[in-house]
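Undergrad: Turn these sequences into a full structure, and let the hints steer you where they fit.
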Amino acid sequence: MRIGSIIWLLLAALSLGACSSADEVPDYRYRLTVEVETPEGVRSGSSVIEVSTSVASEYSIPTPGAVHFRARGEAVTVDLGNGQTLFALLRSTADAGWAGNFMFRLAPRSYKTGRDGFLQRYNAMLRMREPRVLPRYFRNEGHLTNVPAWPMLVTFGDLDDPTSVERVDPDDLAASFGEGVSLKRITVEMTDDPVTEGIEERLGWLDNLQAYRTRPDNPFTSILPPEIGYLRRQ
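Taking my numbering, the leading residue of the sequence shown gets 1, the next gets one more, and so forth.
A portion of the hints provided could be inaccurate.
[To be verified] Taking CB as the label site, the calculated pair distances span: (1) Pro135 x Val42: 34 to 44 Å; (2) Tyr111 x Asn208: 47 to 57 Å; (3) Gly178 x Tyr111: 19 to 29 Å; (4) Glu35 x Asp160: 22 to 32 Å; (5) Thr163 x Gln120: 17 to 27 Å; (6) Arg167 x Asp79: 28 to 38 Å; (7) Arg70 x Asn208: 16 to 26 Å.
[Stated by the list, open to error] Straight-line Cα separation of at most 20 Å, EDC-like style, residue types lysine to aspartate or glutamate; simulated pairs: (8) Lys184 x Asp172; (9) Lys184 x Glu35; (10) Lys184 x Asp169; (11) Lys184 x Asp79; (12) Lys112 x Glu24; (13) Lys184 x Asp171; (14) Lys184 x Glu40; (15) Lys112 x Glu141; (16) Lys184 x Glu37; (17) Lys184 x Glu130.
If you are wondering where the hints come from, they were derived from the structure by calculation, not from laboratory data. Where is the CB? At the ideal position from N, CA and C, for every residue including glycine.
TA: Structure (C-alpha cells):
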C-alpha cells in the first residue's frame with residue numbers, strides 16, 4: 001500500500017491552529033544504523049539525518065493544519081565485502097517521506113487531539129534518547145495497517161552505473177548477496193552529531209545525474225530508477 005509522506009498524519013492534524021513556532025517544533029537529528037550478519041561476521045553502517053518540521057496555518061490551502069517533515073542526509077552504506085554494498089535509502093517501500101516522519105511514528109501516542117496532541121507527541125519523540133530497534137512494521141494507526149517501518153534496501157550491480165540499482169528483500173538478503181548474509185537489525189537514536197556527508201565519493205555519478213536523466217532517442221524520458229532520488233536528500 002502506497003501512502004504520501006503526510007496522509008497518515010492529517011488524521012491527527014486536522015484541527016491544528018496557526019503555524020507552530022520553531023521553538024515548538026525544533027529540528028532534530030538521528031543516527032540510523034544497519035547491521036548485517038555475514039559469514040565473516042557482523043558488518044554495519046550508519047548515517048546521521050536531520051529533520052525539519054513545519055505546521056501549516058489554519059488558513060492554508062488545500063490542507064489547513066497539515067504537518068510536513070523534511071529530511072536532510074544520505075543513505076546508510078554497509079560494506080559487505082567481496083565488492084558488495086548494501087544501501088538503506090531515505091524512504092521505505094510504502095512511504096517516500098519515511099525518513100522525515102518515522103521517528104514521530106515511534107513516539108508514544110497522545111490522548112489529546114489537534115495541536116496539543118501533536119505537540120505532546122512531538123516533545124515525547126524529542127525525549128527518546130536511548131537507541132531503539134526499528135520494528136518490522138509500525139503500530140496500526142487509523143486505517144493504516146502493516147506499514148513497513150524499515151527503509152527500502154538496494155544494491156548496485158555496478159557501483160559506477162546508477163541504472164544498475166536493484167531492490168533488496170530485507171527478509172532475504174541471501175538472495176542478493178549469497179548464503180549466510182542476513183539482516184541482523186536496524187537501530188535509531190537521537191544525536192547531536194553532524195549530518196553525514198560523502199556518499200558521492202563512493203557513487204561518483206551522484207553529482208552528475210543529468211548525464212543519465214534522458215535517453216538519446218527520447219529526451220523527455222528519464223532512465224534513472226526513482227530509488228536514486230533517495231540516496232541523498234538536501
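Undergrad: For every hint, state whether the structure bears it out.
TA: Structure-based check of each hint:
Between Pro135 and Val42 the beta carbons are some 20 Å apart, a value that contradicts the proposed interval 34 to 44 Å. Take Tyr111 and Asn208: their Cβ atoms lie about 51 Å apart, and the range 47 to 57 Å holds. Checking the proposed 19 to 29 Å range against Gly178 and Tyr111 shows it is violated: the Cβ atoms sit about 49 Å from each other. With their beta carbons about 27 Å apart, Glu35 and Asp160 fall inside the hinted range of 22 to 32 Å.
Distance hint check for Thr163 and Gln120: the Cβ-Cβ separation is about 46 Å, which falls outside the suggested range of 17 to 27 Å. Take Arg167 and Asp79: their Cβ atoms lie about 19 Å apart, and the range 28 to 38 Å is violated. For the hinted restraint 16 to 26 Å between Arg70 and Asn208, the CB-CB distance of approximately 25 Å keeps it satisfied. As the CA atoms of Lys184 and Asp172 are separated by approximately 11 Å, the hinted pair is consistent with the 20 Å bound.
Distance hint between Lys184 and Glu35 is fulfilled; the C-alpha atoms sit about 5 Å from each other, no more than 20 Å. For the suggested pair Lys184 and Asp169, the alpha carbons sit about 13 Å apart, so the restraint of at most 20 Å is met. Restraint check: the Cα-Cα separation between Lys184 and Asp79 comes to about 14 Å, which is no more than 20 Å; the hinted pair holds. For a cut-off of 20 Å, the pair hint linking Lys112 to Glu24 stands: about 16 Å separates their Cα positions.
Note on Lys184 and Asp171: the hinted pairing holds, with a Cα-Cα distance of about 10 Å set against a maximum of 20 Å. A hinted pair counts as satisfied when its Cα atoms are at most 20 Å apart, and Lys184 with Glu40 qualifies at roughly 14 Å. A threshold of 20 Å between alpha carbons decides the hint, and for Lys112 with Glu141 the separation of about 15 Å falls inside it, so the pair holds. With a C-alpha separation of about 6 Å, the suggested pairing of Lys184 with Glu37 holds against the 20 Å cut-off.
Of the pairs offered as hints, the one joining Lys184 and Glu130 holds, with about 19 Å between alpha carbons and a cut-off of 20 Å not exceeded.
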